[in-house]
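Student: Residues per chain, in single letters:
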Amino acid sequence: MTRGRWGLMAALALSVVVPLGLDQYKLYVLSLTLVYVILAIGLNLTLGYAGQISLCHAAFMSFGSYAVAILGQHGVAFEIGLVVGVAVAFAWGLVLGFPALKVKHHYLAMVTLGFNIIVFLVLRNWESLTGGSFGISNVARPAWGPLSFKSDRAFYLYILAWAAVVVFSAYWILTSRWGRAFRAIRENEMRAEVVGVSLRNYKLMAFAIGAAYAGMGGALFAPLLGYIDPGAYTLDRSIQFLMMVVLGGLGRFEGPFIGALVVTVLPEVLRGSEGLYLIIYALAVILMMLFMPKGLVGLWDLAWRSSRSRTSPSISSASPR
Amino acid sequence: MADFVQLSVAGVSIGAIYAMAAIGFVLLWQTSNTINFAQGEFVVLPAFAMVLFFVIFRLPFAAAMLATVLVSTLLLGWGVKQLLVTRLLRMGVLPLVIATIGLSLLIRYSLQQFWTPLALPFPAIFSRDPIRLGTIVVSLEEIGNIVFAAVVIGALQLFITRTKLGWAMQAVAQNRTLASVLGINVSRLVTITFMLNAALTAVAAILIAPVYLVKYDIGIGLGLKAFYAAIIGGFNQIRGALLGGLLVGVVETLSAAYISSHFRDAFALVILIAVLLLKPEGIWGVKEEWAS
Amino acid sequence: MRTVRTVQPLLAALVTLLAVTPASPQGVIKLPILAEITGGGASVGAMWRDAVNLAVEDINKKGGILGLKLETSVQDTQTDPPTSVAVMRRVLNDKPFAIFGTVYSSSTVANMDIARQAGVPQFTGSESIIITQKGNDNIFLTSFTQDTGMAKQVRWMLDALKAEKIALIWVNNAFGKGGHDMFVHFLKERGKAPVVDISTEVQQADFTPELTKVRASGATHVMVYNHEEENARFMIQLRKMGLAVEPVGETTLCAQTTITPGGGAVNGARCHVGLTAGSPVPLMVDMSRRFQEKYNRVPDHNAFKGYIGVHMLKAAVQRVGSWDQAKVRACLHNNVFTTAEEAGLLMDLYVNEKGSLDRPSFIVEVKDQKSVVTKTVGMLGGPYNTRPCK
Chain A
1204 MTRGRWGLMA ALALSVVVPL GLDQYKLYVL SLTLVYVILA IGLNLTLGYA GQISLCHAAF
1264 MSFGSYAVAI LGQHGVAFEI GLVVGVAVAF AWGLVLGFPA LKVKHHYLAM VTLGFNIIVF
1324 LVLRNWESLT GGSFGISNVA RPAWGPLSFK SDRAFYLYIL AWAAVVVFSA YWILTSRWGR
1384 AFRAIRENEM RAEVVGVSLR NYKLMAFAIG AAYAGMGGAL FAPLLGYIDP GAYTLDRSIQ
1444 FLMMVVLGGL GRFEGPFIGA LVVTVLPEVL RGSEGLYLII YALAVILMML FMPKGLVGLW
1504 DLAWRSSRSR TSPSISSASP R
Chain B
10 MADFVQLSVA GVSIGAIYAM AAIGFVLLWQ TSNTINFAQG EFVVLPAFAM VLFFVIFRLP
70 FAAAMLATVL VSTLLLGWGV KQLLVTRLLR MGVLPLVIAT IGLSLLIRYS LQQFWTPLAL
130 PFPAIFSRDP IRLGTIVVSL EEIGNIVFAA VVIGALQLFI TRTKLGWAMQ AVAQNRTLAS
190 VLGINVSRLV TITFMLNAAL TAVAAILIAP VYLVKYDIGI GLGLKAFYAA IIGGFNQIRG
250 ALLGGLLVGV VETLSAAYIS SHFRDAFALV ILIAVLLLKP EGIWGVKEEW AS
Chain C
2 MRTVRTVQPL LAALVTLLAV TPASPQGVIK LPILAEITGG GASVGAMWRD AVNLAVEDIN
62 KKGGILGLKL ETSVQDTQTD PPTSVAVMRR VLNDKPFAIF GTVYSSSTVA NMDIARQAGV
122 PQFTGSESII ITQKGNDNIF LTSFTQDTGM AKQVRWMLDA LKAEKIALIW VNNAFGKGGH
182 DMFVHFLKER GKAPVVDIST EVQQADFTPE LTKVRASGAT HVMVYNHEEE NARFMIQLRK
242 MGLAVEPVGE TTLCAQTTIT PGGGAVNGAR CHVGLTAGSP VPLMVDMSRR FQEKYNRVPD
302 HNAFKGYIGV HMLKAAVQRV GSWDQAKVRA CLHNNVFTTA EEAGLLMDLY VNEKGSLDRP
362 SFIVEVKDQK SVVTKTVGML GGPYNTRPCK
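Sequence order for the protein chains is A, B and C.
Everything in the first sequence is counted per the numbering used here, starting at 1204 for the first residue and increasing by one.
Everything in the second sequence is counted per the numbering used here, starting at 10 for the first residue and increasing by one.
Everything in the third sequence is counted per the numbering used here, starting at 2 for the first residue and increasing by one.
Worth flagging that the hints you see were computed from the coordinates, not collected in a lab.
Given the structure is predicted, the values throughout are model-derived calculations rather than measurements.
Watch out, some of these pointers could steer you wrong.
Stated by the list, open to error - List time: in silico DSS-like cross-link candidates among lysine-lysine, alpha-carbon distance up to 27 angstroms:
{"id": "1", "chain 1": "A", "residue 1": "Lys1353", "chain 2": "C", "residue 2": "Lys135"}
{"id": "2", "chain 1": "C", "residue 1": "Lys166", "chain 2": "C", "residue 2": "Lys368"}
{"id": "3", "chain 1": "C", "residue 1": "Lys96", "chain 2": "A", "residue 2": "Lys1353"}
Stated by the list, open to error - Computed spacing ranges between beta-carbons, pair by pair:
{"id": "4", "chain 1": "B", "residue 1": "Met10", "chain 2": "C", "residue 2": "Arg191", "range": "34 to 44 angstroms"}
{"id": "5", "chain 1": "A", "residue 1": "Trp1347", "chain 2": "C", "residue 2": "Lys391", "range": "42 to 52 angstroms"}
{"id": "6", "chain 1": "C", "residue 1": "Val299", "chain 2": "A", "residue 2": "Trp1347", "range": "53 to 63 angstroms"}
Note that the Cβ used here is the ideal one computed from N, Cα and C, for glycine as well.
Let's have the full structure, built from the sequences with the hints guiding it.
Tutor: See below:
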């Protein structure tokens, strides 16, 4: 456990030092990857650990984005916008968690998918608030008096700080009794109830916390891009997050990092092959489900095991069910 | 009033197509607990096959249609069952859901990449000449779609209620363990259901191609609406899916005309969420018959 | 421990990947193309890319600009605004002289501020009014914005077509909304309003609600402003219902990508278009022929836009007389450029203070599934003054 924590610290130190020498393009890609990591961690909590399928992560994300963009237009500090966005996402996560208590996977997939569509329609049609199809531009980056995060390097570090908060809080949640409860829900609802896990609260929380992380990712996404419009929060993006989490490894702590990295970097690697990367993602998702439900993390495990033939206990667990 | 009738006919015509996709959906769920997120693409792929056979190879219509249904049943029915479902079925609902999402993306992107990102024309099957009944204008195309769908759905209903295979399917839907104890080969039945579904979506494809045009992304909306229809009508009944499909078609047409075109995509969803919260087994679903 | 095991090599891999920067030869002018090569805008981006490449090839064959050769590179935005921002930052690392792209306005709005901060002039295929409303003096359109286009559209419909009652059908996204707002605005200036005003969705299949309302309104003309496939479906259903209303549109209604799937149903539609392969202008005919020879397909308006954009840059650089980005930017505002000084512009054009264009346009009619130019329409405003830029 402590060694795992040291690992995280080392990774954090690296991610502070390494980018200092990077140009603005690489910084931007790293920043975007970090935002996606935050979102993917949220979805991994809901889907990977608690086994509750959510197809509306883009909608939760939009709450964060629009909160900072709209409040920012009225001169409200970025952090307040972020907190509001996270709170709204958390609240809607709770609301959507309720059907999760009542209905099974496929219904839940449908409810969340429907929610994403409705949120998109509201963002587009509520022009006086959201700017409608034209969106909101010049979303401001945070500034604390004379200390401004407007430059790419400063804003990268700012995102990194929030990402660290997310990573450590997720780590804490998953190693606490909450994490055990989430996994118990996924593995077997009946047994979870028998051993005394209150399904109701934990299921709601798995949804709401995942949504809150998505809200935070969205709040950081808006000023990173500087411009938002409803088209950025469609079902397509929710499915993109789903692919990230599945590719990385469902229910594995490292999964979101790998997934986010692959989705941002693979198109660069496959440059010149036109749209093939989309086909490769889709194929990879199917193959992962068939042969390697642990995702790309599983590959690494395999390589590690064959070289050391030793496994260490960790906060990951068996294939999703 | 005339407008209302006009809109309702259009709604029923498009709803009949949703119903066909929804029925296939329900069959899959009943016999194999598969939530097919690729149902929309199961319609798109045969539509492209139809373009290949009918427009490019210039086969006669009946032959092209037969070839399309055949390709669909083999590829999307038998193939998908053998390659994906058999293995994933043992692992529960979620991996299969994710795999079918992957499958839908695979089909969609492949068609876009290797065939065309543009819409392809498709010749009308029925005549499009307007038939005027007072102020109501219909065409053979609308009537044809409705009649054709009705015949296919009727035949399917007969198959399920009157044949041995149909009875076996019902038995599997109600209790898989008991069915296998009774000597029913469940795996074979699941395969047959997948092939049946693929045949249904192929027929739906042939009906919608002239209206929707053939484009790689038309499956997105279609799959969603089939899904709505199945849930609204009831996931365990063919007649439920039929009712759901017609309802979704009519509601979206009427609400766009009379309530708000800006929110046209939301009305069917609102009904869906209401149904889920108030009567999760669906309007016409029956609780006791739930497949486990 | 497992975490650090995974994260470390991952970071190492990332660092190596990011550390690779392509080297570049000296003495060439870099003009990166940002285009929608994959994703929803794939067909649009391909036209833009191919036409920019054709223009650069043409210019290089004649010795380049001020003796320097041009060099393009293609960056795919995946039709995704965040990715378009990423590739914009990437190409700026190479110190390009100007940037060509993007075409989708949601991408352009997101990435154009970065080009401005870097001081690198950007030529876009976008037409949305949201581009010019931002007060960005670094972005240059290669066609009309929707306000110029719709002003000419309304003038034509009211004066030439004598349209009395107009129904407006528009797709409810940034493209459709921008066009809708401008169309209604200019109708209002003439004391009119659409008798029916209905929004549609992207990927919509059934248009009975729209057509029923159009029929009930007694409209004489229906202005159709959707994307190509939806226009084709709309026209098929309009003919099926036997409506007597006359369909009118702009570029998307009479585009070949609407006519091909729509077939005979699109015959009879009349449109006001900015650029078309069917244009009788000899320079456009010639460009269209060479585009077809090279790429084996008919250029659409996005192809013309890309081709003209490169020549706008050429004309401005020549008029300035040096490779100075600030001067070129200044030269490209409030100025007239003619085909006499630069044939590649295909038509005379005026760039206004916002970077949008005014130039002649065409009225086309779809006959036998081909769009045929029936009339050329002059510039909207003017006469404009030509400024020297030395």
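Student: Confirm or reject each hint.
Tutor: Hints versus structure:
As the CA atoms of lysine 1353 of chain A and lysine 135 of chain C are separated by approximately 19 angstroms, the hinted pair is consistent with the 27 angstroms bound. For the proposed pair lysine 166 of chain C and lysine 368 of chain C, the alpha carbon gap of about 24 angstroms is at most 27 angstroms, so the pair holds. A hinted pair counts as satisfied when its Cα atoms are at most 27 angstroms apart, and lysine 96 of chain C with lysine 1353 of chain A qualifies at roughly 22 angstroms. Restraint check, methionine 10 of chain B to arginine 191 of chain C: a C-beta distance of roughly 35 angstroms satisfies the suggested window 34 to 44 angstroms.
In this structure the hint that tryptophan 1347 of chain A and lysine 391 of chain C lie 42 to 52 angstroms apart at CB holds, the actual value being about 47 angstroms. Evaluation of the 53 to 63 angstroms hint for valine 299 of chain C and tryptophan 1347 of chain A yields a pass: the beta carbon distance comes to about 56 angstroms.
Of the numbered hints stated above, none is contradicted by the structure.
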